[in-house]
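Protein chains: 2
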Amino acid sequence: MSQQIEPIQRMVSALARLPGIGQKTAQRLAYHIVSLPLEDVHDIANSIWQGRKAIRYCETCGNYASQEHCAVCANPTRHNGQICVVRDPRDVAAMERMHDYHGLYHVLHGTLSPMDGVGPDDIHIRELLARLGQENVTEVILATNPDIEGEATATYIARLLKPMGVRCTRIAHGVPVGSDLEYADEVTLSKALEGRREM
Amino acid sequence: MSQQIEPIQRMVSALARLPGIGQKTAQRLAYHIVSLPLEDVHDIANSIWQGRKAIRYCETCGNYASQEHCAVCANPTRHNGQICVVRDPRDVAAMERMHDYHGLYHVLHGTLSPMDGVGPDDIHIRELLARLGQENVTEVILATNPDIEGEATATYIARLLKPMGVRCTRIAHGVPVGSDLEYADEVTLSKALEGRREM
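Chains as they are written, first to last, in the numbering used here: chain A, 67 to 265; chain C, 67 to 265.
If you are wondering where the hints come from, they were derived from the structure by calculation, not from laboratory data.
Fair warning: this is a prediction, and the values are worked out from it, not measured in the lab.
Even glycine gets a Cβ: it sits at the ideal position worked out from N, Cα and C.
Just to be clear, a hint being listed does not mean it is correct.
What the hints assert, rightly or not - Straight-line distance between alpha carbons at most 16 Å, and here's what the computed EDC-like set of lysine to aspartate or glutamate pairs gives:
| no. | chain 1 | residue 1 | chain 2 | residue 2 |
| --- | --- | --- | --- | --- |
| 1 | A | Lys90 | C | Glu252 |
| 2 | C | Lys90 | A | Glu260 |
| 3 | C | Lys119 | C | Glu105 |
| 4 | A | Lys90 | C | Asp109 |
Claimed, not checked - Examples of chain A residues lying across from chain C (beta carbon under 10 Å, computed):
| no. | residue |
| --- | --- |
| 5 | Ile71 |
| 6 | Ile121 |
| 7 | Ala218 |
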């Protein structure tokens with residue numbers, strides 16, 4: 067006899083596919099979910115599914131959006147002379163948590179990685195260049211992760227932008243090298259922004 | 067400006083209500099979910115909701131079931147002379163993981179707790195007594211948690227069953243006192259079953 071009935075087993079398998087959730091945690095979560103009132107479970111499942119369905123990409127910067135433009139691009143009080151270039155939408159959320167940056171973003175949706183076959187055409191570099199032509203941009207802040215791919219991507223973009231006369235800066239290595247931007251605390255991120263240097 | 071758009075914020079709130087999932091973990095999970103293909107997210111949300119909807123209680127023992135009877139009660143090879151009394155369906159899953167027990171179960175859905183106003187009529191003790199009248203039971207194994215409420219519940223049931231001439235045993239304190247049955251490893255649970263004593 068299997069240890070779990072099929073509906074619970076399916077729930078465990080689905081939850082165990084999420085990052086950082088192992089078999090034991092998934093089991094604990096599944097048994098908790100099964101013990102909740104129907105409305106609560108509907109609310110959880112619904113917010114996951116409807117939330118995912120509602121997500122689209124901002125037509126300007128590539129950040130997550132629920133309308134044509136993301137909350138940052140749609141905000142007229144943001145300083146449109148600065149563009150902060152990040153890898154993922156979650157990095158936008160990390161930057162926004164520090165409340166110190168008032169410019170716009172550009173989400174690359176990846177970093178250059180020749181080992182994995184990711185070249186300049188596979189990430190949103192072309193879209194960044196197009197924005198520089200249209201918008202009144204005076205500075206591009208390169209805030210890709212401080213790891214090998216992130217550094218390589220920043221260097222690549224800086225070399226492209228230099229001839230265009232755009233000021234190109236890199237966030238300081240206040241963020242611990244080899245870590246993930248998403249997990250940096252607000253103070254570290256703030257220091258990193260402050261100590262940005264010419265490239 | 068809020069740090070997250072509404073669909074993501076809703077997902078984070080829903081996930082953060084689950085046990086052991088804090089705000090940061092919920093955010094990480096939400097951003098991961100949002101980056102998954104639509105089908106995968108549908109699968110996750112669906113297995114949570116359909117799984118919860120499919121769950122009912124076994125009419126005999128109170129365990130989780132997807133039909134009228136749970137997988138244990140419906141299995142004709144299980145020894146029907148033994149009933150193991152546990153607090154929750156998740157404790158049935160813990161017992162089943164050790165593969166050493168071949169009898170039936172009875173799920174109380176709670177333990178006696180005068181402090182919280184939980185008396186004998188609030189948990190499934192009456193249903194247990196009814197089963198003893200109908201079925202050919204020679205032993206009731208009391209496997210409630212080894213904490214104050216669990217001990218009190220076991221003692222209470224043992225006192226009720228003694229006059230009925232049913233052998234009543236308690237799992238040994240091989241399981242660490244004050245812990246939760248759900249987290250005991252298979253070997254510890256096996257030792258606890260082996261060393262059960264008369265009450």
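Against the structure, the hints:
Among the hinted pairs, A:Lys90 with C:Glu252 is consistent with the structure: their alpha-carbon atoms are about 13 Å apart, no more than 16 Å. Distance restraint check for C:Lys90 and A:Glu260: the Cα-Cα separation of roughly 25 Å exceeds the 16 Å cut-off, and the hinted pair is therefore not satisfied. Taking the CA atoms of C:Lys119 and C:Glu105, the gap is about 20 Å. The hint is violated against a cut of 16 Å. About 20 Å separates the Cα atoms of A:Lys90 and C:Asp109, which puts this hinted pair outside 16 Å; it is violated.
Interface hint status for A:Ile71: upheld, as the beta-carbon distance to the closest one in chain C is roughly 5 Å, under 10 Å. A least Cβ separation of about 5 Å between A:Ile121 and chain C falls short of the 10 Å threshold, and the interface hint therefore holds. A distance limit of 10 Å between C-beta atoms decides the matter here; for A:Ala218 the minimum to chain C is near 22 Å, and the interface restraint is violated.
In summary, the numbered hints that this structure violates are 2, 3, 4, 7.
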